[in-house]
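Trainee: One line per chain: the protein sequences are C and A, in this order. In terms of our numbering, the first sequence is residues 1 to 401. In terms of our numbering, the second sequence is residues 1 to 244.
In short, the hints are calculated from the structure, not lab data. Bear in mind that the values here come from a model prediction, so they are computed numbers and not experimental data. Beta carbons: idealized from backbone N, C-alpha and C, even for Gly. Keep in mind that a hint or two might mislead.
Interface residues of chain C toward chain A, partial, derived using beta-carbon atoms under 7 Å [stated by the list, open to error]:
hint, residue
1, 3
2, 5
3, 16
4, 50
5, 319
6, 320
7, 396
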Amino acid sequence: MRMQRIVGQGIQALGANKMRTFFMMAGTIVGIAALTIIMALGKGTEKKVMKRVETFGPRAMMLIAGGGKNAGPDMTVTTLTMDDARAVREQVKDLEIVTPIAWRFRINVKYDANRYQAVFWGVEPSWHEAWNWYAAEGDGITDGDVATMARVCVIGQTIRRKLFGDSDPVGENIYVNKVRLTVKGVLEKKGTSPMGTDFDNRIIVPITTAMRRVLNVDHVGAIRIITRDAALMPRQIKEIRALIHARHHITPPQEDDFRIASPVSIAKMARGTSRTLSILLIALAGLSLIVGGVVLMNILLISVGERQKEIGLRRAVGATRRDILFQFLAESLTVTCIGMLAGSGLGALVTLILRQSTKIPIVLSWEPFALSLAFALLVGTFFGIQPARKAALLNPVETLR
Amino acid sequence: MIEVEGLEKTYFAGSVATPVLKGVSFRIDEGEYVAIMGTSGTGKSTLMNILGCLDKPTAGRYLLDGTDVVSLDDDALSGLRNEKIGFVFQQFHLLERATAMRSVMLPLIYADDYPENAEERAEKALAAVGLADRRQYRPNELSGGQQQRVAIARALITDPEIILADEPTGALDRKSGLEIMAIFKKLHRQGRTIILVTHDRALAENAQRIIVLEDGKIATDGAVEKQRDPDLELDTLGAGEDKK
Numbered sequence: 001m002r003m004q005r006i007v008g009q010g011i012q013a014l015g016a017n018k019m020r021t022f023f024m025m026a027g028t029i030v031g032i033a034a035l036t037i038i039m040a041l042g043k044g045t046e047k048k049v050m051k052r053v054e055t056f057g058p059r060a061m062m063l064i065a066g067g068g069k070n071a072g073p074d075m076t077v078t079t080l081t082m083d084d085a086r087a088v089r090e091q092v093k094d095l096e097i098v099t100p101i102a103w104r105f106r107i108n109v110k111y112d113a114n115r116y117q118a119v120f121w122g123v124e125p126s127w128h129e130a131w132n133w134y135a136a137e138g139d140g141i142t143d144g145d146v147a148t149m150a151r152v153c154v155i156g157q158t159i160r161r162k163l164f165g166d167s168d169p170v171g172e173n174i175y176v177n178k179v180r181l182t183v184k185g186v187l188e189k190k191g192t193s194p195m196g197t198d199f200d201n202r203i204i205v206p207i208t209t210a211m212r213r214v215l216n217v218d219h220v221g222a223i224r225i226i227t228r229d230a231a232l233m234p235r236q237i238k239e240i241r242a243l244i245h246a247r248h249h250i251t252p253p254q255e256d257d258f259r260i261a262s263p264v265s266i267a268k269m270a271r272g273t274s275r276t277l278s279i280l281l282i283a284l285a286g287l288s289l290i291v292g293g294v295v296l297m298n299i300l301l302i303s304v305g306e307r308q309k310e311i312g313l314r315r316a317v318g319a320t321r322r323d324i325l326f327q328f329l330a331e332s333l334t335v336t337c338i339g340m341l342a343g344s345g346l347g348a349l350v351t352l353i354l355r356q357s358t359k360i361p362i363v364l365s366w367e368p369f370a371l372s373l374a375f376a377l378l379v380g381t382f383f384g385i386q387p388a389r390k391a392a393l394l395n396p397v398e399t400l401r
Numbered sequence: 001m002i003e004v005e006g007l008e009k010t011y012f013a014g015s016v017a018t019p020v021l022k023g024v025s026f027r028i029d030e031g032e033y034v035a036i037m038g039t040s041g042t043g044k045s046t047l048m049n050i051l052g053c054l055d056k057p058t059a060g061r062y063l064l065d066g067t068d069v070v071s072l073d074d075d076a077l078s079g080l081r082n083e084k085i086g087f088v089f090q091q092f093h094l095l096e097r098a099t100a101m102r103s104v105m106l107p108l109i110y111a112d113d114y115p116e117n118a119e120e121r122a123e124k125a126l127a128a129v130g131l132a133d134r135r136q137y138r139p140n141e142l143s144g145g146q147q148q149r150v151a152i153a154r155a156l157i158t159d160p161e162i163i164l165a166d167e168p169t170g171a172l173d174r175k176s177g178l179e180i181m182a183i184f185k186k187l188h189r190q191g192r193t194i195i196l197v198t199h200d201r202a203l204a205e206n207a208q209r210i211i212v213l214e215d216g217k218i219a220t221d222g223a224v225e226k227q228r229d230p231d232l233e234l235d236t237l238g239a240g241e242d243k244k
């Protein structure tokens, strides 16, 4: 109750000198607004990253032919084979699916006079499960298809539209790289990736058909691996790497002829430099908060000097040192908390405007608000305590002279 | 009521000791109107600060209403000031940009129990100093005399044992000063204990008794033979102005 009255005195003192109060508040407003905007931008990027990881599969790994940092497999590397896939399946524990893929980025497909360029994947039946991607019409790839090198294919929605328009493609023959294949199904629509890749521009065939009849190769482009438990992934990646090292006779520091993509590496790639940048910007916002805090402290210190008579009077009519300390702390904290509310509001406003007017991924959430509140309390206390102590320790006899 | 005995105060600046009070003893009873007089440098302000519980003596005893003040800590002194002493300063010291009501209620903020009828009490205190119609005025809207009356109302609101006034007319013109002294006279008649600290003999003669300090000691302590009457002086002043 007494505390409430003392906080009230602090707030009244702030109201009595609005200009001074505003200057005390300015740094906090700017710092918190910057923090809110930066965190919304960071959160937007993170959401994009999460979406990519989700598309990739949170329990998925890709063993990809060719080292380096490229996103896709290196077509010139021929060392990754079906036997490697078999070895991984048999020797690494707790894997749910191991499914090899032979692929080409561009392959010509033709139906009647319609031509189109598609992404071509040779797969095993478990591919459907590994990507959770099945035939919406007709059938998917089966064990029988793989065993018999069947001349069949399943096409994506874009291919279907480009080659067949509105007519039913199932049972029709198309030419893929001049090889005749029968369309046995149409894949479910997947849409576009966050990066703008059209997932539906795809044609899948049995992996044996792909390797023997279409591509005429002995190697695969990648092996998709699904673990039973994402927590086991770091260990499994190590095991797989060791296994392939042994099979391909690679001893570090000799360069790998393969690489393993995981949700972690995908996220890292998707974040790119944005994370470093956003850490830098958050540091800048933090710095402006600290500068704001120093300004606040200095104005408060000056204000304590100017208000010596008021402080002396309060002491004379019965205020204890604690009362004075708490009043000035209350003033400091009120300034930072109101500054924080104003800064959050300003930041949210700018964020909303950015979201309306640009394509930058932005997500407004409660986290910057909570962080700002923590900052406000911290800055208010840290930079308020010194002036408050100075005020509390003033000798009333001297100030009233 | 107030009992001081062998009061000494020495200020230390490094190794240099400056004695300001050198053994002061007196008693002030309830309802007395006492002036403490002395030229500057006689220890008058120091004595006032000690009587007001703003400062502690180096040696000696001070009993205020039965409480041994010297043994109290800073917080207890704050409580004592709040409860028992009403200050009136030369420079008024009203709260910056605050209404008369808020200035007057200030001591209640620091009271142990904030009274429910705080506003009512502030109104009464303002009425007692003749400012019932100036409740919402701020210092810059009030004359010096009015500001000092707000300060007196502030001193009255906690119903203190003692009113301690330090040169209360020092910053005022003659007429406003007389008005202030008339208020003190009225308060005295109502039974208040008033201690008036001043260097001005004419002002001191408003009191019943004058204690004169000289060089840190009491030079004289005696009753005023002919107490001044500020009301009468105001009348004469008014009459003088009327003639013009």
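Trainee: Would you mind marking each hint as holding or not holding in the structure?
Mentor: Status of the hints after comparison with the structure:
no.	hint	result
1	3	violated, 11 Å
2	5	holds, 5 Å
3	16	holds, 4 Å
4	50	violated, 53 Å
5	319	holds, 5 Å
6	320	holds, 4 Å
7	396	holds, 5 Å
Checked against the numbered hints listed earlier, the structure breaks hints 1, 4; every other hint is satisfied.
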